[in-house]
Structures are given as structure tokens and as C-alpha cells.
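Protein sequences appear in the order of chains A and B.
41 is the number of the first residue of the first sequence in the working numbering; add one for each residue after it.
55 is the number of the first residue of the second sequence in the working numbering; add one for each residue after it.
Just so you know, these hints were derived from the structure itself, not from any lab.
Some clues are possibly wrong.
Below are the PhoX-like pairs computed for lysine-lysine, each with C-alpha atoms no more than 25 Å apart in a straight line [stated by the list, open to error]: (1) B:K299 to A:K155; (2) A:K155 to B:K272; (3) B:K214 to B:K67; (4) B:K214 to A:K155; (5) B:K272 to B:K299; (6) B:K301 to B:K235; (7) B:K214 to A:K148; (8) B:K274 to B:K235; (9) B:K144 to B:K67; (10) B:K299 to B:K274; (11) B:K186 to A:K58; (12) B:K274 to A:K155; (13) B:K301 to B:K272.
Listed below, chain by chain, are the residues.
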Amino acid sequence: MAIAIVDYGIGNLHSVSKAIERLGYEGIVTGDRDEILNAEGVILPGVGAFGDAMNHIREGGMDHVVLEVANSGKPLLGICLGMQLLFTEGEEHGIHQGLNILPGKVVKFEDGDYKIPHMGWNRLEYKQPDHPLVRDLYNGHVYFVHSYHVKPDHADDLIAVCDYGQPVTAIVGRDNVYGMQFHPEKSGELGTLLLRNFLALCTGERTN
Amino acid sequence: MLAKRIIPCLDVKEGRVVKGVNFVNLRDAGDPVELAALYDREGADEIIFLDISASIEGRETMIDVVRRTAGEISIPFTVGGGISKVEDMKNILRAGADKIGINTAAVLNPQLINDGSQRFGAQCIVVAVDAKFNPEWGEWEVYTHGGRKPTGIRALAWIKEAEQRGAGEILLTSMDADGTKDGFDIDLTSAVCEAVNIPIIASGGAGTSEHFYDVFTKGKADAGLAATIFHYKEISIPELKNQLKDKGVEIR
Numbered sequence: 041m042a043i044a045i046v047d048y049g050i051g052n053l054h055s056v057s058k059a060i061e062r063l064g065y066e067g068i069v070t071g072d073r074d075e076i077l078n079a080e081g082v083i084l085p086g087v088g089a090f091g092d093a094m095n096h097i098r099e100g101g102m103d104h105v106v107l108e109v110a111n112s113g114k115p116l117l118g119i120c121l122g123m124q125l126l127f128t129e130g131e132e133h134g135i136h137q138g139l140n141i142l143p144g145k146v147v148k149f150e151d152g153d154y155k156i157p158h159m160g161w162n163r164l165e166y167k168q169p170d171h172p173l174v175r176d177l178y179n180g181h182v183y184f185v186h187s188y189h190v191k192p193d194h195a196d197d198l199i200a201v202c203d204y205g206q207p208v209t210a211i212v213g214r215d216n217v218y219g220m221q222f223h224p225e226k227s228g229e230l231g232t233l234l235l236r237n238f239l240a241l242c243t244g245e246r247t248n
Numbered sequence: 055m056l057a058k059r060i061i062p063c064l065d066v067k068e069g070r071v072v073k074g075v076n077f078v079n080l081r082d083a084g085d086p087v088e089l090a091a092l093y094d095r096e097g098a099d100e101i102i103f104l105d106i107s108a109s110i111e112g113r114e115t116m117i118d119v120v121r122r123t124a125g126e127i128s129i130p131f132t133v134g135g136g137i138s139k140v141e142d143m144k145n146i147l148r149a150g151a152d153k154i155g156i157n158t159a160a161v162l163n164p165q166l167i168n169d170g171s172q173r174f175g176a177q178c179i180v181v182a183v184d185a186k187f188n189p190e191w192g193e194w195e196v197y198t199h200g201g202r203k204p205t206g207i208r209a210l211a212w213i214k215e216a217e218q219r220g221a222g223e224i225l226l227t228s229m230d231a232d233g234t235k236d237g238f239d240i241d242l243t244s245a246v247c248e249a250v251n252i253p254i255i256a257s258g259g260a261g262t263s264e265h266f267y268d269v270f271t272k273g274k275a276d277a278g279l280a281a282t283i284f285h286y287k288e289i290s291i292p293e294l295k296n297q298l299k300d301k302g303v304e305i306r
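Chain A with its partners taken away, still in its complex shape (with noise of 0.2 Å):
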């Protein structure tokens, strides 16, 4: 059973594919578009800048690979700023198109009484308890690192949250698009789960 990790250039793809190993999974870390389209699910990882992100993607045609993936039907998982990626835009560094699989856009933190980056251990709300992706999972805490942060155009887009001196969307999903922007893989115990939470919908297996 092999998952996909798109490879666009940009930062450190090890440690997910690691994880996916460690959940008795194949995790091909590929920039092919046929291995990507072949693979039983698939995750977008990122790190960095959200434009130099979006300019990486496109110069390999990765941005149509990975629209093909959400439109087959296909588990995918947005990680960190591949989960914004994912949305309509982001105003980092100006205002740049996103792949608008997800409808909403990425914004700054407005200015207030805590440290930006929000970086470390920050405590899950679930919004939809019963959602695949999270059903039966503690409301435990997972590791952010991130300056920016999404704001979906629909609520019901939002399956957790955390609060930084404001509700910050943790964990969104329509159909078979999802994203998290803390990292699953670098999350203890609790990661792990949400990922084979995630691998247990790309094979159809029931968890739980």
C-alpha cells in the first residue's frame, strides 16, 4: 500500500515518509506524476514561504497533478503550509494564488499578546468529533510551527481548532481534500494517530 509524498523541491520530506513507514505503509517521497496518480493516497508536505512555495509547485506542473489528485476522488492531506496551499489564497509576502482546492485564505496573525511563530504543543478542539479523520481521538495537544493561518470560508470546512488568543485552524476536510497544519509527524502519539486515521481512509480500512 503506497502513499505519495509530493516532492516539489522544498524542505524536508524525510520524517513523513518515515512515519508512514513506521505505520507499516510504503511512503513513496516522488515528484512522478504517474507514481503520484498511482498511489493510494497522497500528501502534500511544505515548509517556508507560502509564494516560493506556490512558484516551486508550478515550475514542475505540480500544481495540475495535484488538482488531478482532489479531483480523482483521492485521499489527500495538505501538511503544515501544504495544507494552505490547498486554499484560495495567501497573503504572505503579498497576496499569492493558492491551488483554491479549499475555499478561504491565509492570513497573518493579528497583532496581540502572544509570540508569532506560534511554536509548540497546542491543544485540539474538534468541531466535528465524528469525522473519520478524527473519531474516537483524545483531546490531546500536537506541535505547530507556523505565521500565517487559515481562514476557511466555511465553517463546516473546520473538523478542529486550537486557541492562540484566537481560534486557529488545526484540522479542515471537504470530501477527500484534507489538511492539518500542525505536523502529524512530528506530533508524539497523537500525530500518529491522525496520521493512520488518515492512511486507514486511503485503503477504505475501518479504524477504531
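Following the hints, put chain B in place on chain A, whose structure we already have.
Using the frame of chain A, we list chain B on its own:
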């Protein structure tokens, strides 16, 4: 609200853990990867490796340790020690580390903070500061070269400069408290936490769970680091975390 972090620190020399590690339930207690994986299972929120290798071979071995660790653990980890170039940072981050710690090299060449932060993001750059109270000044002085060399630089001013240059976090070691097990240096930690707006990891002096409670509440630290008390099981991480939770501290 972010959870307060508990961070064990491993000193690694030529790819092996040094400084009193006393675990009977590990196949190889000198293997930093195995020890990191154990701390991950016990609930550590992050791991810091301090590479004290003196040789080039030792540094290359560290890259291998980083790569293997990234495959084994599911929490973030930082690598520090002897990193003085952006190229060094790139190699370690590429191998799978989440953050880079710089200490003496940042004092000698503060531009390294800017360069690393611009290239990899502020969240990757941890500036480690060894500080000791200077009675003549009535404030703390920065020491480099593993705490051996006084610099004549005021610690609070240096930490503010590091923040402005793009440090994402400060690893603050009190040389006065280090090794005493009498508790973290609350005066130093709270002074630094009030001076800057980036997370502070307090280090030096931890002996009991009460000390962690004090440094999180009175010291306002974001994270508490210790080495020998964890290695020697004087405090177990699960117990420590339960005690802090019982006292109302936000803990993962």
C-alpha cells in the same frame, strides 16, 4: 495556550552519548538514537543534542545520528554544538533536524543569526546563551567556548539583539545554577522572558519537579531543559509531567 515543554538534553561525542547515562533497559545506552526514542516514548516534548565532538569525523557521524533520529522519533529535535556556517545548518536540517542551536559562533559572528533565519526561517534558529552573574555590573555576562570564556557582553542586551536578528528561540543556561540541582535561576530567566518576545528554554539547576514548576510560573519560561537528572532517573519524565499537570500547569 501552548503547553510548557520538558526537554532532555543529550551530549554527544563522536556519535556516542556522554555524561552519565544510566539506563538498564536499552540495548545500547550510548546510542543517542535509542535514548532519544526512549525519551519520546516517555513523553519528552522535544530533544536537544549537543555535539561536543572535536574531530571532523565526529561531526560527520553526527549527521548520521540526525538522520537516524529523524526516522525514529515523532517529536521535534534540535542539534547544537560547533555549528558556525549556514552550510553546516543546511546539512543538519536536511538530515532531518527541526532546529539548529548556535552559541559561540553567533557571538563571534552575529550575522550568522540573520543569515540562518532568512534562509531557513526564524523557527529553525535557536540561540544558546551561557550567562553568569557579574557582581560588578549587577547583571549577567555572556560566556562562550562552553562557558570557559567571559566575553564582556551583557546577556540581556545580547539576547535582545539575537531576537532582532531573527532568533526564533533562546536556550538560556545559567552557569551559576548549572550542576547545583538547587533549582533554575529564576531571576535570570524571568529577566530574559520579560526582555524578549520569543520562547525561552531555561537550563541549568533542575533537581526536582518543584524547580520546573517555579521556572514555568515565577520564571515564565516556555520550556525547561535538564540532562543528568533525566539520564540518572532522578526524575522520570512521566512523573514530572503528572505532577506539573496536578498543579495546573498546561502540559502535553
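Evaluated hints:
no. : hint             : result
1   : B:K299 to A:K155 : holds (23 Å)
2   : A:K155 to B:K272 : holds (19 Å)
3   : B:K214 to B:K67  : violated (31 Å)
4   : B:K214 to A:K155 : holds (15 Å)
5   : B:K272 to B:K299 : holds (16 Å)
6   : B:K301 to B:K235 : holds (21 Å)
7   : B:K214 to A:K148 : holds (23 Å)
8   : B:K274 to B:K235 : holds (19 Å)
9   : B:K144 to B:K67  : holds (21 Å)
10  : B:K299 to B:K274 : holds (16 Å)
11  : B:K186 to A:K58  : violated (41 Å)
12  : B:K274 to A:K155 : holds (13 Å)
13  : B:K301 to B:K272 : holds (14 Å)
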